Each structure stands twice: as C-alpha cells, then as structure tokens.
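Protein chains in written order, with my numbering: chain A, 10 to 270; chain B, 10 to 270; chain C, 10 to 270; chain D, 10 to 270.
Derived by calculation from the structure, the hints in this document are not laboratory data.
On a predicted model such as this, the values are computed, not experimentally measured, just so you know.
Among the hints, erroneous ones may be present.
Claimed, not checked - Residues of chain B clear of chain A, computed beta-carbon distances all greater than 10 angstroms: (1) Thr43; (2) Met47; (3) Gly55; (4) Gly67; (5) Gln89; (6) Lys134; (7) Lys153; (8) Phe163; (9) Asp167; (10) Leu189; (11) His224.
Stated by the list, open to error - DSS-like, lysine-lysine: derived pairs with alpha carbons at most 30 angstroms apart: (12) Lys199/A to Lys30/B; (13) Lys56/B to Lys30/B; (14) Lys38/A to Lys21/A; (15) Lys199/A to Lys29/B.
All C-beta atoms, glycine included, are put in the ideal place defined by N, C-alpha and C.
Below, each chain spelled out in residue letters.
There are 4 protein chains.
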Amino acid sequence: MVVEDVVDKGDKVLLYCDRKKFLITIEPKRILHTHIGMINLEEVIGKRYGDVITTHIGEKAYILRPNLVDYVLNVKRRTQIVYPKDIGIILLLGRIGPGSLVVEGGSGSGAMTGVLAYMVRPNGKVFSYEIRDEFLKIAKRNVKELGVGDYVVFKHKDITKGIDEENVDVVVLDIASPWLVVRHAADALKGGGYFISLSPTIDQVERTVSELRKHNFIDISVFETFIRYWKVKEGESRPLTFMVGHTEFIVFARKVFEIEG
Amino acid sequence: MVVEDVVDKGDKVLLYCDRKKFLITIEPKRILHTHIGMINLEEVIGKRYGDVITTHIGEKAYILRPNLVDYVLNVKRRTQIVYPKDIGIILLLGRIGPGSLVVEGGSGSGAMTGVLAYMVRPNGKVFSYEIRDEFLKIAKRNVKELGVGDYVVFKHKDITKGIDEENVDVVVLDIASPWLVVRHAADALKGGGYFISLSPTIDQVERTVSELRKHNFIDISVFETFIRYWKVKEGESRPLTFMVGHTEFIVFARKVFEIEG
Amino acid sequence: MVVEDVVDKGDKVLLYCDRKKFLITIEPKRILHTHIGMINLEEVIGKRYGDVITTHIGEKAYILRPNLVDYVLNVKRRTQIVYPKDIGIILLLGRIGPGSLVVEGGSGSGAMTGVLAYMVRPNGKVFSYEIRDEFLKIAKRNVKELGVGDYVVFKHKDITKGIDEENVDVVVLDIASPWLVVRHAADALKGGGYFISLSPTIDQVERTVSELRKHNFIDISVFETFIRYWKVKEGESRPLTFMVGHTEFIVFARKVFEIEG
Amino acid sequence: MVVEDVVDKGDKVLLYCDRKKFLITIEPKRILHTHIGMINLEEVIGKRYGDVITTHIGEKAYILRPNLVDYVLNVKRRTQIVYPKDIGIILLLGRIGPGSLVVEGGSGSGAMTGVLAYMVRPNGKVFSYEIRDEFLKIAKRNVKELGVGDYVVFKHKDITKGIDEENVDVVVLDIASPWLVVRHAADALKGGGYFISLSPTIDQVERTVSELRKHNFIDISVFETFIRYWKVKEGESRPLTFMVGHTEFIVFARKVFEIEG
Chain A
10 MVVEDVVDKG
20 DKVLLYCDRK
30 KFLITIEPKR
40 ILHTHIGMIN
50 LEEVIGKRYG
60 DVITTHIGEK
70 AYILRPNLVD
80 YVLNVKRRTQ
90 IVYPKDIGII
100 LLLGRIGPGS
110 LVVEGGSGSG
120 AMTGVLAYMV
130 RPNGKVFSYE
140 IRDEFLKIAK
150 RNVKELGVGD
160 YVVFKHKDIT
170 KGIDEENVDV
180 VVLDIASPWL
190 VVRHAADALK
200 GGGYFISLSP
210 TIDQVERTVS
220 ELRKHNFIDI
230 SVFETFIRYW
240 KVKEGESRPL
250 TFMVGHTEFI
260 VFARKVFEIE
270 G
Chain B
10 MVVEDVVDKG
20 DKVLLYCDRK
30 KFLITIEPKR
40 ILHTHIGMIN
50 LEEVIGKRYG
60 DVITTHIGEK
70 AYILRPNLVD
80 YVLNVKRRTQ
90 IVYPKDIGII
100 LLLGRIGPGS
110 LVVEGGSGSG
120 AMTGVLAYMV
130 RPNGKVFSYE
140 IRDEFLKIAK
150 RNVKELGVGD
160 YVVFKHKDIT
170 KGIDEENVDV
180 VVLDIASPWL
190 VVRHAADALK
200 GGGYFISLSP
210 TIDQVERTVS
220 ELRKHNFIDI
230 SVFETFIRYW
240 KVKEGESRPL
250 TFMVGHTEFI
260 VFARKVFEIE
270 G
Chain C
10 MVVEDVVDKG
20 DKVLLYCDRK
30 KFLITIEPKR
40 ILHTHIGMIN
50 LEEVIGKRYG
60 DVITTHIGEK
70 AYILRPNLVD
80 YVLNVKRRTQ
90 IVYPKDIGII
100 LLLGRIGPGS
110 LVVEGGSGSG
120 AMTGVLAYMV
130 RPNGKVFSYE
140 IRDEFLKIAK
150 RNVKELGVGD
160 YVVFKHKDIT
170 KGIDEENVDV
180 VVLDIASPWL
190 VVRHAADALK
200 GGGYFISLSP
210 TIDQVERTVS
220 ELRKHNFIDI
230 SVFETFIRYW
240 KVKEGESRPL
250 TFMVGHTEFI
260 VFARKVFEIE
270 G
Chain D
10 MVVEDVVDKG
20 DKVLLYCDRK
30 KFLITIEPKR
40 ILHTHIGMIN
50 LEEVIGKRYG
60 DVITTHIGEK
70 AYILRPNLVD
80 YVLNVKRRTQ
90 IVYPKDIGII
100 LLLGRIGPGS
110 LVVEGGSGSG
120 AMTGVLAYMV
130 RPNGKVFSYE
140 IRDEFLKIAK
150 RNVKELGVGD
160 YVVFKHKDIT
170 KGIDEENVDV
180 VVLDIASPWL
190 VVRHAADALK
200 GGGYFISLSP
210 TIDQVERTVS
220 ELRKHNFIDI
230 SVFETFIRYW
240 KVKEGESRPL
250 TFMVGHTEFI
260 VFARKVFEIE
270 G
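Generate coordinates for the entire structure from the input sequences, incorporating the hints supplied.
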C-alpha cells in the first residue's frame, strides 16, 4: 500500500462508487461487483489516483488512495477493531512516530498494528504479541497489505506471561486482561515510557488502574472518545440520527523508577 | 525535544509535581517555582527520565518525557490550539506519516505544525502558511523546541491567495475562511489527496462544504469529536463533572481529477 | 389509559415478553402474536398489573402499566415523534403542570400532545394546532387512548397564520417553520410566558432565534439533549455500542412586554 | 410560587439583569444588589410579569416567572441537586402527574421534591424521607417557597430501614446506598409500579441493579443524559466550549408480583 501516483498490479486501491467504498487489491483478471455495476479491475491498472472509470452500466467509480481510516475500518477481521478516533489520540499520547519502539498486545486483526507500523517507519519497530493462531495469520496479512510488514515483529506468545523487549517507548494493550500485563510493562518500558490500554468495560479499567497504582506508574488517566457525524448542506445541516455511543475506555499512565507516596 | 534516556542542558522536560505538570526547558541557573516548592533545574541534568527529585521543601517531582499531548496543550500560544483528539484523527484521515508532504494554513501557535512535522520525519515536509508576524514567531519557536524545525518550511504568506506547492498529499486548514482555500487546495493536491479543515462554527463548515462541492472533491464528510475523562477507583468510578463540549468541526474530502455528477 | 389496579376491557396495557414490549388495547376476542407465542388478550382481563400470564407455548408475559415513555415511543404514527428526553426537559422549562394553558403546534402524531395533556389535568388545557387531516385523526386517537382527550382542544388550523388563544402560559412548537409563529406567540403568551420550539436543523434554529430577537423575547437559549444507555452487570458494565446521536435542537425564550436594548 | 399576573408581596420572582438571573422573594424593604446596580424590591410589587424596571443606575431588569429549571438550579442547598434534564425524563418514566403517589428518598435540598409535588397536584402526594435534620429544614423551606408544601409529607426517617406507604406508583431515590431500599420498594410499590434511582458512580448502579434482579423487578435499564448548549447567531452558531459531562446515572425498573426466570 505504498501509494504511487499511478495504479499498478497488486496495489491496494479504494474504489468510491456512489457513496460506497471498496478497499480492494488490483488483480488483472478480477471483476468487482458493486451496486452500480461491475468493474474490470484490469482497467484500473495504469490509471492515476483521482481518475474515474466506468462500470459496465456506465456509472462512475473513482480511484482513490486509501487513508488509514479506510485501512482500519476495512481490514479483514475476526474480532472487533480499534476505532480510528481511539488510535489517533493513542499516537499523540504515546508520542508514536518515526523511530518509536512499541510493544502491542494483542495483534487482533492487525488494524492498529498496521497504523503503528506505518508511523514508526523507517527506524522504529512494533513488537506485536498474539496467542491465537488464526488472528496472527490475519494480522500478518493485513499488515503486509498496508506495505509495512518490515516494521512489525509478530510474536506467537502470551503477553500476560511476559514481554521480551526492554527499554521500549510504549506498551499498547487491547486484550481481555490488561491488568496481568502491568508488571511486565513496568519492566519493559523506558523511564517515562507510556502505558496505554483499551477495554470495553469499567471493570477491566478498574482492575488495570488498580494494578498500575501498585507498580511504578504515575499520571494515570482514563477517558473515552466519541465521534459524531453531520450532514452538511446550506439550510439543512444537522447531526446524523445515529452514532456509535461506545467503543473502548482508554487507560494511560507513565512509568517511573520510584513509586509515588 | 529528541528524547534521550538522560536529561541534558536544553532538553524539554515534563516535571510532574503532585498532579500538576510543568513543561520546561532545562537551563542551568533556572529555578522553577511550583505549588510544592522550588526546583533547581540544574539538579535535573544527568538524571534519567523516570527519576524523581525533591523540591526545596522535600516534595517529590518526577522527570518525565513529554508526549505530543503535553506539547500541544502546553505550547506558548496567542491563539486557540487544535486539540489532541482532533489532531489524532486528522493523522489517520490524511494518512500522515513518514514521507508525507503536508500543506498547513495557518501556523497559529505551531501546536499542530509540530505534531505534523514530528510524524513526517525524516523524508516528509510540512509547508506552513501564516500571515500574522507574531504567530509565525511563536510557531517557529514552538516547533524548534519540539526538535522538528528541519521538517517545516514556514511561509509568511496568505494561503487564501494561493498555494505554491504541487502534488502534495494533504492540505490541513485551521483558518477563519477555509472556503477561500478550496480551489487552491484542488490545484495543490495529488489525485486522491486529502483536504482537511477545522472550523468552530457551522456557517464556516457550510461554506467550505459548498465550495468543495463546486470543485474536484468527493467523499465529503463532516464530524466533531469529544473526549470524556473518568475518575477511576474501585467502588468510586465515575465520569468527571465537567468536559469540553466543543472545539472544532472537522471537514474532510478527497481530490479527484473529474468532478462528480 | 387511567390505570386501575386490575385490567379491564378497553385498557391500554404493556405486555413485556422476553425483553420485547407490546403496548396494546385489551379487547376480548383479540389474539396477540409475539416471538414467544400467542396471548389470548381475554385472559388478561381481571388480572392485576404486575401479574404474569403464559403464552400458548408456556412462556411468561408480564402485564405492566405503560408509562409515558412507553406511550411516546409506541403511539401509532405517521411522522417523527418528539423524544421523551426532550419532552421531559420541556415540562420543566415551560413549568407545565396542573392548570397550565399550553398552545401546541403541530399535533403531529399526538405523542407530545398526550404527555402535555396528562400533565395539565384537571384544570389546564392544551390547544393543539394541526393542518394535516390525517395527522389530526391519528393524534386524536392517540390522545384518547391515553385517556386525556378531555384536556385537549384540537384545532384544524395553520398556527403560522395566528393563534386564537390569549394569555397562555406556554407555546410549544414542533413544525417546519417555527420562525413564522414567533410574532403570534408574542401575542398569545402571558408576560413572562415560555416559548419552546424543536427543530432538527441549525438553519431552522437560527431563523427562529433571529425572529425571537426582533420580538419581545429575552433569555433566549438553544440546546440539544442526549441519552446513553448502559448494559449493567457486575464485572461487565459498559455503555451500549449504538446510541441516538441527534433528535432535535430545542429553542427556549421568555416573553416580556418591552423589548431589550 | 403560584404565579399570578401581577407581582405581590411574598412572591418568588426571577429578575433578569443583563443575562444574569436572580430568583428572589419580594419583600418590601429589601434591596437587591446586582452587577448592573441596585433594585428596590418594593418597586416590583404591582408590576406585571414581563414588565421591566430600572436599577438605580438606569439599567433594565426584567420581572419574570420562574420556571422549574430556575427553581431547581437556584434552591438554597447544602448538597448536589438533581439536574432538570434528569428530573424531566424521570417524570415520563414514572408517569408522574396529577394524582401520582410518589415516595422519595432522600429529600436533599428539596429541588426534586418540589418538582414532583408540583406535578402530582392536586390529588397526589409526595412522601419524602430524609435523615439529616439540616437538609429536612432546607427542603421544607424550598418546597414551601414553590407553593407546593401541601403536597409533600416529609418524614424524618431512614428509608433504608423501610417504607411506611403501600400501593404507591413510584419510588424515586437519590441516596448513597439505593440498593438497601430495593426490597422496601418492592413492598411499597403497586404491581407494575416504577423504581427509579440516581447515582453518580457505576459501583452504586451495579449494586442496585444486582439487588433489583434478586427481587420482583423486570425491564431494568440504566442510562445517563446530557445537555449541550449552543450559542446561536446567524453565521456564528456553535456549541458552547464547556459542558457538564456527568451528573448521575439513572436506574429504572418495574415491580411485578412474580420474579422472572
């Protein structure tokens, strides 16, 4: 998914057809079936991003560059993904950028893994732990499709049993029992490093926070984020009727060498 | 603000004193006055991130690595900053990472400029337009303090009059009249490139969306984001009483070569 | 829908069947088909509220007293209803209670009409304007089913053309062009009386507020309300994934005899 | 606080002075000090609601009818009040209107007590339990000032020890340990009656829901409500920057004679 100006075989492309989007790999003999007709993917090769092609019934389809929201929302998955609104703030909280060393547990479908890897290029690394075979397979495939496979070290290991790495910048968790990883994160993180964990229930958050308080963590905070879409048109602007009311609570903390109190 | 493991003279450090945070440059002869006593900043030099020092009355102060939220919320400023929750999702929407070419208008206090520059390292660039002298000065200083000055080209120019760059990946706007930049963004952006604009009022959003519809943009969407903090402690967990109820509406669109309809 | 302790023929009853609710009028020969089997409504007669009966396949169905949320959400309708969360705050803003004289435009399906009438008993009155025949018919039927028909005067008239009543306590509007009613409301309201209007779009709100400022209204405020449901169970508590993100904006103002400024 | 058209001695009046509001009892010799000058309250007597008077420096002050939001937000208090947005939806959930028999625990400052009493007139009653002497005194005074003292029976008793009344329509709780009242509420409520409880923490909500499940309650639901204010002016409309992010979680359930399952 490194994005050149012209589409080549094997590229990951976003086709925008009458408000619907299809994130698809361009393969020569493949036909894409949409609600506005069929598209021969071979025809897309050689076109520029931003160009338009027509379906077999003459409807327009736009060739677009997938962004990271497209990637996250469209990865092949067998589990709940982490939402873009949550990944976004995690990047800033974890100071995640080129060069960052990030430990992730678990890989899940690789949606967050891919975004983290995209950001830490070219000299950073994501160490991603996952115990479930089938998820690891999907995550590897998704990360590869984003073109960032070189920046991820997948580990078929249980992160609640320990973290191999030392002196890492960030530990990001999206697992059922994040509190079991707190002491391992305390060992793995640099001084001042960032602990970030996502959980859907308050009980998971309470257990994690309680464990953070027992170890070398300070500045613990918990929050949730929301996104609300609008329909905008002069004289008709209004928020959409439905919204996502909950994804995950986010727990943040900083590792220090000496405990508070 | 490149963060080594040991604090050196000139480093930007976050001092955490009894739940209050001070983002401060370490200068040998400087004394920091806090609510829990004075800190001789000279003593911080040579300490590790994660270490603790004591104030003159014996209270603990933790030496922390500032993250990008610390940076954004604490930049010296003369204008409203863009909030971390909004910058986060913008990164994903704009696919902003190492190598991205981003046009920003205006620089403001440089809070968002700094984060963008941090992300596009080492081979990307941020072209940041600002007409107000005093803001440009502050933005330059803030970006330099984050250690990413090399990745920003500041331009003392009015972005509503035109964009010099071509074939850029993203145009991000945080100005009073973003609709005046839409046609320039259409020229400057690559095919499939991303237009992102922040505005506090619905009227600004309506005008911008209306202009996007007249030019080569599709997949236009508008949203707002929220963040809600919790106090978490077993048996006492509850959201905080007050929250920020509004920052800015975000407008997103993709540039294509041929207009819809 | 006056609720006695024992169910009688003609009563409006809420049947609660395995988390689904049916708001139904008890008629001797009627059979209710539910996802957990059929219920012979004749069997419900003579039962107490709070009693349980069984469906033809032996599943439990509870006989409940409908509350006003059940009424509002289940009225037969041909239009969008006003949501309980919005009606609730309107009652307090309009000081609507026994004895209040309320003008409503338009009746819609009568959901709000019914609640208003329920509250103004026994000595208040709701004057409800509606121009569309088919809505008037539905509203009358719904209000009658709530047992509060005596407290409503339906008027087949266009409220944007004028309000017949004088010296009323509150004017509540849920129509497409509320700004056209502002000057009529100024005439109809008592000194210090309350103007309340619901609109889905910002444009409607702006026009209404602008008109209020030109007439004898002060203390103008605009807000929106939200409700977010939780799943609660020890160790599993979390907000529901989906929520309603928008219903209507509410405009409030007070009528005075002399304009501000 | 029965509101006539002309202000009399002893009336509770809302004075609106340049966007600030003063809820005040009209006493002949009293002077009100405001930020726009002094007002001799004697001058207000005989004026109509909706009239304007001038302060000693010639600024306008409007004489308004307090609504129930004014009452709730301005009661003399020694504790957190229940917010109007929450009371509003409680009225609909509890089908609270003329004739309702409501048990309330505890009285607190009487803000909710007053609204409940206002609604159940003329033939309903509110039985309000409170153990703390000083609160009972304040609650009685506040309810009397709203003119609804005749509809409240205050009880200096601990509601967690038992409820004297039987066959009531609603039990509303705003106390620290609502779960201790669940079995008493099951005894006191009519079949199909409504249990409603407000608590700031998730832990209180979990305990209450868990106890409801053990007793004769079904259709248990939990939610929170929000209100977001806007500044509206053509071309400048936007939500206010700050909002209240949390007041209380609301628990609702219905009493039946036979337990589920």
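Outcome of the hint check:
no. : hint                : result
1   : Thr43               : holds (15 angstroms)
2   : Met47               : holds (20 angstroms)
3   : Gly55               : holds (13 angstroms)
4   : Gly67               : holds (14 angstroms)
5   : Gln89               : holds (17 angstroms)
6   : Lys134              : holds (13 angstroms)
7   : Lys153              : holds (17 angstroms)
8   : Phe163              : holds (20 angstroms)
9   : Asp167              : holds (26 angstroms)
10  : Leu189              : holds (17 angstroms)
11  : His224              : holds (13 angstroms)
12  : Lys199/A to Lys30/B : holds (19 angstroms)
13  : Lys56/B to Lys30/B  : holds (18 angstroms)
14  : Lys38/A to Lys21/A  : holds (15 angstroms)
15  : Lys199/A to Lys29/B : holds (22 angstroms)
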